[in-house]
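2 protein chains.
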Amino acid sequence: MINKLVSKIQKTNAPIVVGLDPTLDFVPEHIQKKAFAEFGETLEGAAEALWLFNKEIIDATYNLIPAVKPQIAMYETFGVEGMQAYKRTLDYARSKDLVIIGDIKRGDIGSTSEAYAIGHLGKVKVGSNVLSGFNEDFATINPYMGSDSVNPFIKVCKEENKGLFVLVKTSNPSSGEFQDRLIDGRPLYEHVGEKVAEWGATHMGDSYSYVGAVVGATYPEMGKTLRKLMPKTFILVPGYGAQGGKGADLVHYFNEDGLGAIVNSSRGIIAAYKMEQYAKFGAENFAEASRQAVIDMISDIDGALKSAK
Amino acid sequence: MINKLVSKIQKTNAPIVVGLDPTLDFVPEHIQKKAFAEFGETLEGAAEALWLFNKEIIDATYNLIPAVKPQIAMYETFGVEGMQAYKRTLDYARSKDLVIIGDIKRGDIGSTSEAYAIGHLGKVKVGSNVLSGFNEDFATINPYMGSDSVNPFIKVCKEENKGLFVLVKTSNPSSGEFQDRLIDGRPLYEHVGEKVAEWGATHMGDSYSYVGAVVGATYPEMGKTLRKLMPKTFILVPGYGAQGGKGADLVHYFNEDGLGAIVNSSRGIIAAYKMEQYAKFGAENFAEASRQAVIDMISDIDGALKSAK
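Chains A and B supply the protein sequences, listed in that same order. Under our numbering, residue 310 is the last one in the first sequence; the count climbs by one each step, no gaps. Under our numbering, residue 310 is the last one in the second sequence; the count climbs by one each step, no gaps.
Bear in mind the hints are in silico, worked out from the structure with no lab data behind them. Accuracy of the hints is not assured; some may be wrong.
You can't tell identical chains apart in this list, so a pair holds if it fits in one copy or across any two.
Said to hold, decoys possible - The calculated lysine-lysine pairs, modelled on BS3-like cross-linking and capped at a C-alpha distance of 30 Å, are:
#1 Lys9 - Lys247
#2 Lys56 - Lys124
#3 Lys275 - Lys124
#4 Lys97 - Lys275
#5 Lys275 - Lys126
My request is simple: use the sequences and hints to build the entire structure.
Structure (C-alpha cells):
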C-alpha cells in the first residue's frame, strides 16, 4: 500500500491528502435541509448530511489527489450513526481508487491493539467467514504505550500489505509539553522517531517503509531533524493551511527524490467555500471551491519544492 | 459522576470494575449459535453474540459492583455493527444504574478532541435538537499530545459532570519504553502524573477529582509513588488477574480512607468459566461463573486492604 501511495503521488504530482473532517457547520444549508428532510434533525440526519457533503467533495477532487484522510472523531461525535457515515465515506473513496488514511489515533496494549488493527486494517473471523470491519489502507496510531502496543498493528499490516503513521511530533501548540522534554539530551519525539524507523525497517516497501510518522507542519525545524533521523519513513504532515503551515515551511519534510512526505489539509479544502478567497463559488458550489483549493495547494507545494532545488 | 462512583464503591464495598472486553472466543457456543441463527455468520451476528454475552454478565453481577468498563476496541474490531453492540451494552448498563467507564483511549488536537469528548461524554447539536452519541460516564484518554488535547475533554466533563482517566503508567510490558524515560531525573510517567493532578484540580468532586489516572497493577512500586504524587486523583488500575496483578500488590494504590482506586478485571471475570477454578459452572452457566469470580475478587482486595491496615 505504501508503493501504491508513492505511485499515486507520482502520477498526480500531488503529495497531498484531503482531510475529510466535516462538522455540521461546514455542511452547506441546502445539504443539511435535504438530509434532515429525509431523516429529521437526528443523529441519522446529521450522519446523512456528512456523507452527502463528503461524496460531493470526493467527486470533485478524486482525480487530482492520491489519498483522503477521514478524521474518525468527526463521525464518532454522532455516535453509531456517525460511524456509519465514516464507513460509507471509506467505501466510496475506495470505489474511486483513493488511498485511505484512517485518522484514528488508536493505541492500546497487546490484544486490544490487535482488535483495533483488525477492525481498521485487517480481517476478522466470524464462524467460517472472514470479514472486514472498517477497512482503511493506513491508520494513525499513538505510541505512548510502547512497542507492544505498536507491534500488533505492524503484524496486521504485514498480513494485509497496509501501513501506519505513528504520532511523533504533533502540530498542536502544547505538543511540546511531553514530546519536547529532553531524555539523554534529546527530545522525546526524537526517541519516538528512532523507534518508528526501527519498527519501519521490519516492514519495507520498495523505497519507503509501511510504517510512517506524523510530524506537524507547524514545527519545520523539527521536521528537518526528523527527516534525517528517519530517511525511509513516509511523513504525514498535518497543520498546513488553517493551522498556519505554508508550502515553503515544508520542503525539509521531503527527501531529495521529491518524495517522503504527504501534506494534509482539512478545513482549508473542505470548507474552502467559507473563505474569502473562494467565496465566489458560493455554498451551492462548495465542492468546486474545494477543487480549486486543492489545485492551489498542489501548486503552492510544487512551487516550494521547485524553488528549494 | 466521581461522587456517584465513590458512593457506589462504598455501598458495594467493591472498589472494582468489570471489564466488558469480549472476544468471540469468550462467548459460549450456545450463544454464538443463537446469534448466528438469527443474523448469520456476519458482523451483525458477531455483534449480537457479544451483546447477548454482555447482557447475561451484567444481569449476574450488577448488584455486586459499582461500574463496568467496556473496551471499545473489542467492538470496533467488528466495524459499525460492533459499535452498535458497544452502544447497546452501554445503554443496558445504564439501565442497571452502573457507572460506565468507556475504555476508549482517545486523544487528538483541540477541536478533534472536542469531537471525541462530545461523542462519548457530551451532547451534540443537530438542527434544533441536542442529542447524545455514545454517552459514557467516564472515558480513558491518552496524554501524548499534551494539555490542549486534554482540555477539551475536561471542558465537556465540567458541562456534563462526567470524568476522565488519563493514561499515566500502563500495565503492559513495554510501557516503560517511553513512559519510564528520565526527564530532569524523573520518569516521564511522573511528569504526566503531576499534570493529571494539575488538570484534576480544576474539576473537583467532594473528595476526589473528576480527572483520574490509569496506573497498571503490574507496577506496584510506581503505583505507590504516583498515589502520593496525585492524592486527590482516582486511579483506575488495569492488569489485575489475567495480566498478573494480585490484591496484595494493590494496597498502595489506595488512600487511607480506603478509596482512591478502582481495580479492573476483564478476562478474569468475563471468561471465568474457562478457568479451571470455575470450570464446574460449565459454559451454559458462564454468567454464574463470572458472578463467583467477582465475589472472589472483591474478597481478595478487601482482604488485602484489611491486612494492610
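Hints versus structure:
1. Lys9 - Lys247: Classified as within: same-chain Cα gap 23 Å, cross-chain 53 Å, threshold 30 Å.
2. Lys56 - Lys124: both (26 Å within a copy, 26 Å between copies)
3. Lys275 - Lys124: between (40 Å within a copy, 26 Å between copies)
4. Lys97 - Lys275: So Lys97 and Lys275 pass the 30 Å test inside one copy only (26 Å; across, 46 Å).
5. Lys275 - Lys126: Between copies, since 20 Å is at most 30 Å while 45 Å is not.
Checked against the numbered hints above, the structure violates none of them.
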